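Following the hints, put chain B in place on chain A, whose structure we already have.
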Amino acid sequence: MKPMERFAAVLAGDTVDRCPVSLTLSLYGARFVGGSLREYYTNAARYAEGQTAVVEAFAPDILFSPFSLPLEGSAWGSEVRFFDHQPPNLVRPAVSSAEELLRIAPPDVNVHPQLGFFREAIRRMAQAHGTDVPIAGVALNPMELPAMLLGIEGWLNALLFDEARAREILKITTAFCVRWMNALFSEGATFIVTPTNFTNPSIVTRAIVEEIAVPALTETFQQLDGPVVVHSGGSPLSRFLDAFASLPQVGGFVLNANESFAEAREKIGAQAVLVGNIDGPSLGTHTPDAIRSQCRALLEDRRDDAHFILGTSGADVALATPPECIRALKHAAQAFAEEADV
Amino acid sequence: MVDAQQQLVSLMLDGDRMGSMQFVDDWAAIHGFGLVMTDLIEPVLTEIGARWAVKTDVNLAEGYVTAKIVEEVMTRVIDEQSRQQQPSPGPGKGPVVIGNIEEDCHALGRKLVGIFLKASGWEVHDLGNDVTPERFVEVAVQYGARIIGASAMMYTTAVNIRKLRDEIDGQGLRGRIQLAVGGAVFVQRPELVDEVGGDGTARNAILVPPLLDRLWSASETYERGRS
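So the protein sequences, as listed, match chains A and B.
According to my numbering, the first sequence holds residues 1 to 342 in order.
According to my numbering, the second sequence holds residues 1001 to 1227 in order.
Extracted from the complex, chain A is given alone in its bound form (with noise of 0.2 Å):
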């Protein structure tokens, strides 16, 4: 099978030849093109050059688009740093307070350069390979976009102390995320990508989740072109699983490392496929026989699931991580069908 065939295959509860694979592969890309990570994270071709080497390397089930949150923030105005080694990130939010928020023009996601360079990406990605892989459009969520544009502080003293601010903010960036991941779906996303990097326990309460970010969420999810993946980011999601499982449009979650898929399936019921969840960046810290091993007791543990994608959780897999940890996943995947086949 392909990858678009088993990704199909497992959103509908199909059988499929192994189990897929997804290896968040965004960042590692680069270190196959060489340069700098500023050009990478700038350049559209640079970066589906990179994606298309990963092609090569590790034939994954899934690509990813550019997975850097504060690039998206820079669109607005933040100011983002580059690194040698890891992704850009944040360093001045756009703004210093929620009602300096409010009266900020957001960014056209028509003719903004840095949007640009995001529909770009996909663009050159798709062209390339999105008849044979799913391609994951990675963009922020109405409720985790002002965390980029404020700040963490800002967004929750604003979610505090000023609900009725919040939830003006709230109604631009919905409008705002709803354009701009239909504008990813339109240049050649098989799916958006939306991380819970704020809206989770270690966060902020139930009572913001219930009260606040599932209405953004829906509202948003419910006029999108295309299905949504909800992902953990790095932090544990499962006890707000409940919570979103009734969101409108989400095809799937990625749990964070160490979470218990048994739990999160009783959450969100037998269709939505669930993700992970080996944890990306720390991949190489780990042998490959151990990842092996790990990824078998995930496999074992999940046999009877139609819908689960073995892969990595958490931020990207670490440039330095060695190729054979990565293939590490897959040759388990493919081992596990193996062995079920005789």
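These are calculated hints, taken from the structure and not from any lab test.
Each hint should be verified, as a subset may be incorrect.
[Said to hold, decoys possible] With the C-beta cut set under 10 Å, the calculated list includes, among others, these residues of chain A facing chain B: (1) Asn89; (2) Arg179; (3) Pro236; (4) Asn256; (5) Ser282; (6) Ala306.
Please read all numbers here as calculations on a predicted model, not as lab measurements.
Ideal placement from N, C-alpha and C gives every residue a C-beta, glycine not left out.
Then chain B, alone, in the frame of chain A:
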């Protein structure tokens, strides 16, 4: 007195900022602002810390609300003491140097740590975000700090704390300067504390003052052992 502390604990855990401030004002009208920090806030923070120590689901929002209330109370106390021309007692513990490790720019957790440390009487030198190992050690030596607190939110930046460990050791300061590490990634992956060479960690900001009490003692014990 204990009843008053319990009432304030409830108000703070409910996130009732206005109610908490009103309660502190009422309490101070009877007992005086000079006792607010020692007789009210410190025991309240100890109680909240004890509750959070056994709770696995404390989130940043709860910590933030508590810190904002504590910060407002501290400001009020300082203002009142200034208005009444009373000398500020000043910090009784420390100094300690805190900052986000090189390449880490997630400031909020560190800011909360600073607030809770100051509320517990620590002299805090906050170096901000993206602090190099050399800068951490330079400032710690300059102020005679026995503890450096390094914060990181993600694995990719947490591993940079290893360089700080090496810098402390390389300057022959191991034992004398204790390395406290913290941030979301350490809560999720406690084994990372050893991986980066930390001497201790706390699950959340409010638990940092007792951690630093222990590390300060460890530093003193180390030096006594050498002399």
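Structure-based check of each hint:
A hinted interface residue such as Asn89/A counts as satisfied when its beta carbon comes closer than 10 Å to some beta carbon of chain B; here the least separation is about 6 Å, so the hint holds. The restraint placing Arg179/A at the interface with chain B is violated, with a minimum CB-CB distance near 28 Å, outside the 10 Å limit. Satisfaction of the interface hint for Pro236/A is found here, the shortest Cβ-Cβ separation to chain B being roughly 7 Å, below the 10 Å cut-off. At a threshold of 10 Å, the smallest CB-CB gap from Asn256/A to chain B is about 7 Å, leaving the interface hint in force.
This hint holds: Ser282/A has a C-beta 6 Å from the nearest C-beta of chain B, less than the 10 Å allowed. Given hint, Ala306/A at the interface with chain B, is violated; its Cβ is 29 Å from that chain's nearest Cβ, farther than 10 Å.
Going down the numbered hints, you'll see the structure goes against 2, 6, while the others check out.
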